[in-house]
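Peer 1: Here's the letter readout for the chains.
Protein chains: 2
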Amino acid sequence: MCELLGMSANVPTDICFSFAGLSSRGGETGPHVDGWGIVFYEQSGVREFKDYMPSCRSALSKFLSEYPIKSHIVISHIRQANVGAVGLENTHPFQRELWGQAWVYAHNGQVPSATELESTRFLPIGSTDSERIFCWLMDSLAARFDAPPEPQVWAEYLSTLCESINTQGVFNLLISNGKALFCFCSTKLCWVTRRAPFGLAHLSDKDLSIDFAKVTTDHDVVTMIATQPLTDNETWNSLAPGECRLFVEGESVWGKCTKAVLHASTGSQYAEKS
Amino acid sequence: MCELLGMSANVPTDICFSFAGLSSRGGETGPHVDGWGIVFYEQSGVREFKDYMPSCRSALSKFLSEYPIKSHIVISHIRQANVGAVGLENTHPFQRELWGQAWVYAHNGQVPSATELESTRFLPIGSTDSERIFCWLMDSLAARFDAPPEPQVWAEYLSTLCESINTQGVFNLLISNGKALFCFCSTKLCWVTRRAPFGLAHLSDKDLSIDFAKVTTDHDVVTMIATQPLTDNETWNSLAPGECRLFVEGESVWGKCTKAVLHASTGSQYAEKS
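As given, the protein sequences belong to chains A and B, one line each in that order. Using the numbering used here, the letters of the first sequence correspond one by one to residues 22 to 295. Using the numbering used here, the letters of the second sequence correspond one by one to residues 22 to 295.
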């Protein structure tokens with residue numbers, strides 16, 4: 022399995038603190054040693070950093086933990102390889118251009134039947150089930166809409182695609198086009214929104230604290246999304262299995278939960294949630 | 022204008038030495054202060070680094086000058102903005118996936134009529150003429166070939182597209198799909214191939230030398246391509262205006278020169294070259 026980290030903010034915000042926590046899970050406090058990646062949106066452009074080294078030992082991840090890149094949307098992933106060799110071509114997040122927008126995606130889980138998904142316009146470069154699903158999602162979006170619709174419109178459509186993939190395996194997902202950040206919870210995903218009055222946060226994975234009151238203004242709204250809570254003194258909200266949410270400028274603007282989601286891989290049936 | 026740097030090698034090779042020279046031109050020995058980018062191919066995957074800071078003052082470019090990433094193809098670019106604001110979305114190299122391959126492109130020059138180029142499948146994210154041309158090239162390749170042809174086949178086709186663009190302005194180009202590196206010279210581009218016996222190289226832009234004999238084997242073949250020679254004690258070959266070349270594993274495997282190239286922007290007619 023892998024771990025996901027996402028951020029949506031209404032002001033350009035750096036992610037050094039949270040990334041330091043996530044990086045520790047890549048070989049130190051967690052077993053995700055098969056590479057890591059992070060993508061920062063800055064206006065309509067993106068910056069992508071990837072390494073196949075464990076994040077806890079990567080010189081590049083150390084650089085990023087200390088180099089503040091201010092962004093309004095971030096997607097990051099640390100990998101424990103299941104399908105596909107260790108290598109850059111199999112390292113999340115994956116990226117494709119659609120409608121003149123940079124789409125970025127990272128996945129946690131396994132969907133064995135992804136090999137049967139066919140796409141024509143977007144093709145995988147590596148050999149993971151994750152990238153194959155991404156290509157299929159992008160193909161489906163391109164086929165459905167000629168031009169970029171409003172975020173809630175593509176999110177609604179994407180949620181139906183996610184529900185269908187989710188019946189085939191484990192599919193925790195973060196995806197963005199730089200305007201909005203969409204997440205889908207298959208088994209495990211949680212989020213916290215920070216806003217005034219800001220307080221002290223302490224990482225779960227290393228003894229590191231930050232006083233957000235000192236680095237924010239009253240106007241700032243920042244949501245963090247992660248596989249597991251990154252801090253041990255804040256209340257993180259869990260997404261229910263089958264639940265998806267859309268974040269714009271730090272706020273949860275839309276969400277829905279499928280009535281029932283059957284995980285073929287485990288056979289377990291999750292409870293209905295309104 | 023901007024500056025280009027490319028590398029093709031038969032063994033994974035780092036580019037720290039040459040990149041240190043190029044970086045100096047981004048604000049120190051050259052006026053290209055409007056951002057920079059570099060893409061490393063590692064197997065079929067790529068690593069991309071971009072910054073809108075001048076490369077001579079960028080913490081990230083300093084990190085890369087000292088952090089050896091071993092790659093068989095590299096494309097880099099430092100920018101002096103003409104068309105499009107300073108920002109990541111307008112920072113070269115640009116990247117798109119076609120046929121399950123990561124295509125990477127950087128351009129030096131200006132092609133004012135690029136605004137008239139239309140593409141449908143690949144659309145620009147930023148506002149440069151360079152990215153618009155790239156999208157048009159990718160659209161054209163996708164329309165011409167259903168599957169990835171051999172490098173010399175796409176290079177031959179690409180050369181005809183480049184010739185047509187080149188009549189509209191200045192179009193020095195580096196492009197790669199990770200298998201081969203194609204370059205087209207509109208006005209200025211040169212290259213040097215390093216092979217055994219290796220010797221000492223000294224940068225033109227800073228007092229830095231390297232003894233390649235100490236960091237290579239007799240088998241290594243490494244070609245560097247640049248807008249202007251990066252070293253002052255090696256013989257760089259100049260490409261003629263209208264000349265293109267294809268490099269695979271460090272070797273020049275194919276090339277051609279258009280008989281005559283008229284630069285509409287300058288009105289100058291270049292001499293015929295066999």
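Keep in mind that the hints are not guaranteed to be accurate.
As the list claims (entries may be wrong) - Below, simulated SDA-like cross-link-like pairs (lysine to any residue); rule was C-alpha separation at most 25 Å, straight line: (1) B/91 - A/88; (2) A/227 - A/87; (3) B/83 - B/178; (4) A/91 - B/48; (5) B/83 - A/139; (6) B/83 - A/38; (7) B/200 - B/83; (8) B/83 - A/63; (9) A/83 - B/89; (10) B/91 - A/102; (11) A/200 - B/48; (12) B/91 - A/48.
Said to hold, decoys possible - Here chain A is said to cover these stretches of chain B; the calculated rule only asks that three of the stretch's residues, wherever they fall, bring their Cβ under 8 Å from a Cβ of chain A: (13) 58-66; (14) 79-89; (15) 124-134; (16) 144-158.
Hint data in this document are derived by calculation from the structure and do not stem from the laboratory. Since this is a predicted model, take the numbers as computed values, not measurements. Even glycine gets a Cβ: it sits at the ideal position worked out from N, Cα and C.
Peer 1: Each hint needs a verdict: does it hold in this structure or not?
Peer 2: Structure-based check of all given hints:
| no. | hint | in the structure |
| --- | --- | --- |
| 1 | B/91 - A/88 | holds (23 Å) |
| 2 | A/227 - A/87 | holds (15 Å) |
| 3 | B/83 - B/178 | violated (38 Å) |
| 4 | A/91 - B/48 | holds (23 Å) |
| 5 | B/83 - A/139 | violated (43 Å) |
| 6 | B/83 - A/38 | holds (23 Å) |
| 7 | B/200 - B/83 | violated (28 Å) |
| 8 | B/83 - A/63 | holds (21 Å) |
| 9 | A/83 - B/89 | holds (15 Å) |
| 10 | B/91 - A/102 | holds (22 Å) |
| 11 | A/200 - B/48 | violated (33 Å) |
| 12 | B/91 - A/48 | holds (23 Å) |
| 13 | 58-66 | holds (count 4) |
| 14 | 79-89 | holds (count 4) |
| 15 | 124-134 | violated (count 0) |
| 16 | 144-158 | holds (count 4) |
In summary, the structure is inconsistent with hints 3, 5, 7, 11, 15 from the numbered list given earlier, while agreeing with the others.
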